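Heads up: the sequence lines are chains L and D, in that order. Residue numbers for the first sequence follow our numbering, beginning at 34 and rising by one. Residue numbers for the second sequence follow our numbering, beginning at 2 and rising by one.
Keep in mind the hints are simulated off the structure, nothing from the lab. Quick caveat: nothing in here was measured; it's all calculated off a predicted structure. Certain hints may be false.
Said to hold, decoys possible - Capping the alpha-carbon separation at 30 angstroms, the derived lysine-lysine pairs in DSBU-like fashion look like this:
| hint | chain 1 | residue 1 | chain 2 | residue 2 |
| --- | --- | --- | --- | --- |
| 1 | L | K196 | L | K89 |
| 2 | D | K41 | L | K315 |
| 3 | L | K89 | D | K41 |
| 4 | D | K41 | L | K193 |
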Amino acid sequence: MAVPLSDGSALEGPPVSYDPDLERVEIELLLEGVFRHYGFDFRSYAYASIRRRLWKRVEAEALSSISELQALVLHDSTAMDRLLLDLSISVTAMFRDPDFYRVFRQDVVPLLRTYPFIRIWHAGCSTGEEVYSAAIVLEEEGLLDRARIYATDINGNVLKQAKAGIFPLTRMQEYTENYIRAGGTRSFSEYYTAMYDGALFSPSLTRNTVFSQHNLVTDRSFSEFHMVFCRNVLIYFDRALQDRVHSLFYDSLVMFGVLALGSKESLRFSQYEDCYEMLHVKERIYRKVR
Amino acid sequence: MAEIAVIGTSWGGLAALHQILGALPSSFHLPIVVVQHRHKDSGQLLPRVLQDDTRLNVCEVEDKTPIVGGNIYIAPANYHVLVERGHLSLSTEEPVAFSRPSIDVTFISAADAYREGAVGVVLTGANSDGARGLKRIADRGGLAVVQRPDTAESPVMPAAAERLVPTARVLTLAAIAELLASLAVGPVHARRTGT
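Next up, chain L with everything else stripped away, as it sits in the complex (with noise of 0.2 angstroms):
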């Protein structure tokens, strides 16, 4: 019964002999560096989550401490990339969760079309694949036309790949399945073309869609949305950063505008619980009502 114990995927923390609390000051000190030199304010992420990707590329840059990587990312802007990489990119599929681009069609949609001019912003859109996903959902019901969508990220480099609108071939069998579970009308197929391993996706679909550099961390609101989508970003935020984020929304928000979340999100707890009502329980869809 000779498994093996290691896909030889990296251990994703740091030796044990190494000290929690200097650990810490170390990641701090990072993160502030960060922000001062470069302005990327990743000072109030989760730790758990952003610690266990710092010593990633720790290990992918074979270094030992996290201090070392400070170094580097400081002296080095390639590197700085290499780790805003790391640090951005939320790993996400085509109608991930298909249940909530499911109600998102049956339940969303026809508040969307009651307006004449709709609004929307994909806050944190990473590589795009909601984009994408919603935008297939609009077009099917023929408010692809009305909509202005706005994708935004705190990256510029996940936002060329997401305007791009090129994703691995090899996902595409579970992306057609996830899309017939979200209720999809037509084949799959239709909206890419396969070329060499990457499917290229109908640039017809963000015909009314602006990518641009958004930091939900220091940005203000730009405009007045009608539906805001932010689904498994704010999990990467601690609850002061996440209730910051909510003010930003709220702010942009028109009322009776529409809050999407990732279905292990909620209001809960934060400060605007009290200003939304739940149209969708389940897949976390919020409404805006005072």
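Assemble the complex: chain L is given as a structure, and chain D must be docked to it using the hints.
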């Protein structure tokens, strides 16, 4: 002193969890985090089924769920659960060894956050997830526990953990339940751990 228990299991886990959780007394006051491998789109059936076994409160982990003693927290499908001091965070980072939730990820974070206060339990399963995490718990001075492989529906996972952590206590399910109960029964009720 034990402050938190993390249990990892895969194939055959439901029956094993049923037996362990069902044997814990209602005065049990440790928080337990359960990572059971399951399909990414499986819904909230698992916490509901496990709730039928126990008078302790069973809930699925939501982001930043406070860790409260006597509660049993189930890792949601398709997320990693990271243990922080006093609360649980979620992550959609890439699967580790094809698993999300990954037992190793949860165990390692529990070991680093709670150090010698962490208790790790590896049960039945057909892969080797959990072994590295259990080693981390043992290395940090926590208590490592493994289901006796010859009593497991699938012995691969506990055997891998036993091999990597030779100091682990290797026990039957009934003995594991007894051990857990002995760590966490007493006058303290619904104690909040951490900060």
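Among all the numbered hints in the text so far, which are the ones the structure does not match? none
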